[in-house]
Amino acid sequence: MAKTPANAATTALKAALPPGIKVIEIPEDAEVLVDVDVNDMVIPYTVAADGNVVIKSLVDRREPLSLAAGTHRLGWSFSHAAKGWMHKIALKVDGSEKLLEKKSEASKDQDHSVGVVFLVVA
Amino acid sequence: MTTLRVYFARIAVVITVAVLAPVTAFAQLPTIDATTRDAALAAVQKEFAGRLAAASSDADKRAVYREMFETLIRNEGLYRRLSPAEYRDVLAKDSMRAYSERVTGVGENLRESAVSPSVNAPLSNPAANSLVERGLGTELIALAADLKSLFAADGSAVTVNLNAVALFRGTTKNNINAGAQYLYAQRENWRRLTGSVTFGAKIPEKDLTGISGIPNPNELFDAIAWDVKFRALGDRDPRASRWYGLFIDRMGTVNELAAIVVTHPGIAVTDLAVAREAAEGVVGQRLAIAANHIGNSLLLSVKTSGQHLTQVEGRNKYVVAVMVDKGFGDVDFTANATYSTADAPAIAATDPFKTKDWQVSAALTGSILKNALVNGRAAELAGSFSGIFPMDDDDVPVDRKNIFKANATLTLPFMDKAKIPLSFTYSNDPNNLMKEKYVTGQIGVSYDFGAIWSALK
Numbered sequence: 556m557a558k559t560p561a562n563a564a565t566t567a568l569k570a571a572l573p574p575g576i577k578v579i580e581i582p583e584d585a586e587v588l589v590d591v592d593v594n595d596m597v598i599p600y601t602v603a604a605d606g607n608v609v610i611k612s613l614v615d616r617r618e619p620l621s622l623a624a625g626t627h628r629l630g631w632s633f634s635h636a637a638k639g640w641m642h643k644i645a646l647k648v649d650g651s652e653k654l655l656e657k658k659s660e661a662s663k664d665q666d667h668s669v670g671v672v673f674l675v676v677a
Numbered sequence: 038m039t040t041l042r043v044y045f046a047r048i049a050v051v052i053t054v055a056v057l058a059p060v061t062a063f064a065q066l067p068t069i070d071a072t073t074r075d076a077a078l079a080a081v082q083k084e085f086a087g088r089l090a091a092a093s094s095d096a097d098k099r100a101v102y103r104e105m106f107e108t109l110i111r112n113e114g115l116y117r118r119l120s121p122a123e124y125r126d127v128l129a130k131d132s133m134r135a136y137s138e139r140v141t142g143v144g145e146n147l148r149e150s151a152v153s154p155s156v157n158a159p160l161s162n163p164a165a166n167s168l169v170e171r172g173l174g175t176e177l178i179a180l181a182a183d184l185k186s187l188f189a190a191d192g193s194a195v196t197v198n199l200n201a202v203a204l205f206r207g208t209t210k211n212n213i214n215a216g217a218q219y220l221y222a223q224r225e226n227w228r229r230l231t232g233s234v235t236f237g238a239k240i241p242e243k244d245l246t247g248i249s250g251i252p253n254p255n256e257l258f259d260a261i262a263w264d265v266k267f268r269a270l271g272d273r274d275p276r277a278s279r280w281y282g283l284f285i286d287r288m289g290t291v292n293e294l295a296a297i298v299v300t301h302p303g304i305a306v307t308d309l310a311v312a313r314e315a316a317e318g319v320v321g322q323r324l325a326i327a328a329n330h331i332g333n334s335l336l337l338s339v340k341t342s343g344q345h346l347t348q349v350e351g352r353n354k355y356v357v358a359v360m361v362d363k364g365f366g367d368v369d370f371t372a373n374a375t376y377s378t379a380d381a382p383a384i385a386a387t388d389p390f391k392t393k394d395w396q397v398s399a400a401l402t403g404s405i406l407k408n409a410l411v412n413g414r415a416a417e418l419a420g421s422f423s424g425i426f427p428m429d430d431d432d433v434p435v436d437r438k439n440i441f442k443a444n445a446t447l448t449l450p451f452m453d454k455a456k457i458p459l460s461f462t463y464s465n466d467p468n469n470l471m472k473e474k475y476v477t478g479q480i481g482v483s484y485d486f487g488a489i490w491s492a493l494k
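Chains as they are written, first to last, in this note's numbering: chain A, 556 to 677; chain B, 38 to 494.
I should point out that these hints are in silico values taken from the structure, not numbers from a laboratory. Hints may contain errors.
[As the list claims (entries may be wrong)] Reference excerpt, derived from the structure (chain A facing chain B, CB under 8 Å, subset only):
no.: 1; residue: G575
no.: 2; residue: I576
no.: 3; residue: D595
no.: 4; residue: D605
no.: 5; residue: G606
no.: 6; residue: V608
no.: 7; residue: K611
no.: 8; residue: L613
no.: 9; residue: A624
no.: 10; residue: G630
no.: 11; residue: S632
no.: 12; residue: S634
no.: 13; residue: E660
no.: 14; residue: D666
no.: 15; residue: H667
[Said to hold, decoys possible] The calculated EDC-like cross-link candidates involving lysine to aspartate or glutamate, where the alpha carbons are at most 20 Å apart (straight line), are:
no.: 16; chain 1: A; residue 1: K663; chain 2: B; residue 2: D453
no.: 17; chain 1: B; residue 1: K407; chain 2: A; residue 2: D592
no.: 18; chain 1: B; residue 1: K407; chain 2: A; residue 2: E660
no.: 19; chain 1: B; residue 1: K407; chain 2: A; residue 2: D666
no.: 20; chain 1: A; residue 1: K643; chain 2: A; residue 2: E660
no.: 21; chain 1: A; residue 1: K569; chain 2: B; residue 2: D466
no.: 22; chain 1: B; residue 1: K438; chain 2: B; residue 2: D466
no.: 23; chain 1: B; residue 1: K130; chain 2: A; residue 2: D592
no.: 24; chain 1: B; residue 1: K130; chain 2: A; residue 2: D590
no.: 25; chain 1: A; residue 1: K658; chain 2: B; residue 2: E123
no.: 26; chain 1: A; residue 1: K638; chain 2: B; residue 2: D272
Quick reminder that beta carbons are idealized off the backbone N, C-alpha and C, glycines included.
Build out the structure end to end from the sequences listed, making use of the hints.
Spelled out as structure tokens, the structure:
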């Protein structure tokens with residue numbers, strides 16, 4: 556299957572963004588879920604979109620993300636104080652998983668992280 | 038009548054709204070009120086607009102964004118300050134929304150020496166070398182092996198350590214999807230109570246009585262020891278309800294603001310990487326401060342214990358102890374005060390009698406070499422001191438002197454849970470160095486490689 560060509564908005568955004576910040580293209584009619592998988596959390600993590608909270612929780616969550624056509628920012632913040640910690644945040648776009656971040660104590664990752672990606676819905 | 042019916046109908050509506058309101062409001066953990074949050078964000082943006090515009094390099098911008106984020110989280114109006122009942126309510130509701138959950142251990146960010154319980158019950162375990170015992174209890178059940186028979190002829194001792202919460206079936210298993218704090222809150226007060234039984238210890242007579250002048254003071258006897266420990270004050274488990282305010286409110290709000298800030302349209306696209314780094318740096322700093330706060334918190338525990346010779350009748354020792362733990366910076370202070378009474382045998386023409394002692398001991402323990410030997414674990418370096426002060430009455434036919442000991446111990450981590458202690462002990466009474474492996478004059482050297490043997494079995 557041929558890869559869908561990036562639209563103009565995505566190309567312009569990628570050019571303006573500093574390296575390391577992902578841009579994800581999403582079809583306008585797609586079903587989008589934010590999927591968070593965590594081990595023991597004692598500090599609530601937050602997933603936010605365009606300056607508003609989508610999920611604030613201590614447990615695994617899978618929540619729908621309602622996105623109008625255009626460019627959106629999706630961000631998250633995790634802090635860990637429990638042994639054996641792990642977090643994984645992914646987008647499920649029409650059932651297909653796009654991994655945003657996966658960190659764990661076992662991988663010797665930093666025990667806190669703040670991340671952001673751009674979602675271009677077209 | 039109609040008026041009365043309307044009146045009751047109104048009451049019913051009010052009650053229904055009151056019951057349903059929290060469900061709607063706490064569909065997820067409480068967030069900052071949007072109006073309050075946006076006003077706080079706008080105020081910070083306005084305050085720093087000039088400095089941000091003047092910042093030319095990424096380093097300058099990062100410093101300004103960091104200061105902006107620190108200013109934002111200093112705004113006390115952004116924190117919720119829920120009551121204990123409200124915390125319990127939101128944790129229960131959050132757990133009900135769990136998609137799935139796995140349960141593991143606790144204490145990642147806390148110093149090893151701040152959260153490690155003394156699983157071998159040193160105050161009541163005749164085979165243990167430590168001079169002090171920490172007030173922390175074991176999580177559910179733990180085994181500590183002082184397997185000296187591998188290297189010495191004084192037998193081996195195994196301590197079974199049990200937390201009272203382990204007596205309740207299904208405390209942690211029935212709600213596998215629930216959050217860590219929600220599970221810990223189930224019978225939280227029972228977690229204060231721990232007990233241990235030490236089997237297989239062989240102790241010299243003088244260890245029980247404190248008398249080294251009797252015939253055969255070093256003759257070894259089979260002994261069994263038990264203890265019951267109650268943590269009266271404090272809890273260093275990060276899941277404990279006393280830390281809800283720190284973790285759920287303070288750190289949860291810091292996380293929320295970090296996620297809001299990086300997705301806020303007010304942050305220029307070109308600045309997003311430095312703004313994210315700045316927020317992440319502040320989150321990490323606050324997390325370290327929070328972990329240190331818990332690690333240094335005060336613990337006060339009391340314990341009672343008994344030691345009994347299994348092959349000689351009427352030879353018992355009973356101990357009551359108070360244990361204090363407090364952290365200072367990266368160092369943990371532990372102090373114990375114990376009062377003991379022990380049955381002593383008849384000496385020459387005297388009847389059997391009882392000896393009574395006060396013992397005070399204190400230790401400073403620091404965690405070093407974190408991740409150097411075992412990933413996620415640190416070695417412990419401890420210096421401790423103890424003094425035993427006889428409080429005998431006139432029935433005691435021997436004159437016992439005060440005994441002092443000073444000890445330095447390096448405890449190395451081995452695999453996931455095991456520890457290998459290496460210690461040097463000085464005593465003003467060399468007779469009290471019998472538990473050491475090598476004794477020269479008034480100095481003894483001890484080690485316990487039993488953990489290696491146990492882990493490799």
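Task: Enumerated hints in conflict with the structure, sorted upward - done: 9, 17, 21, 25
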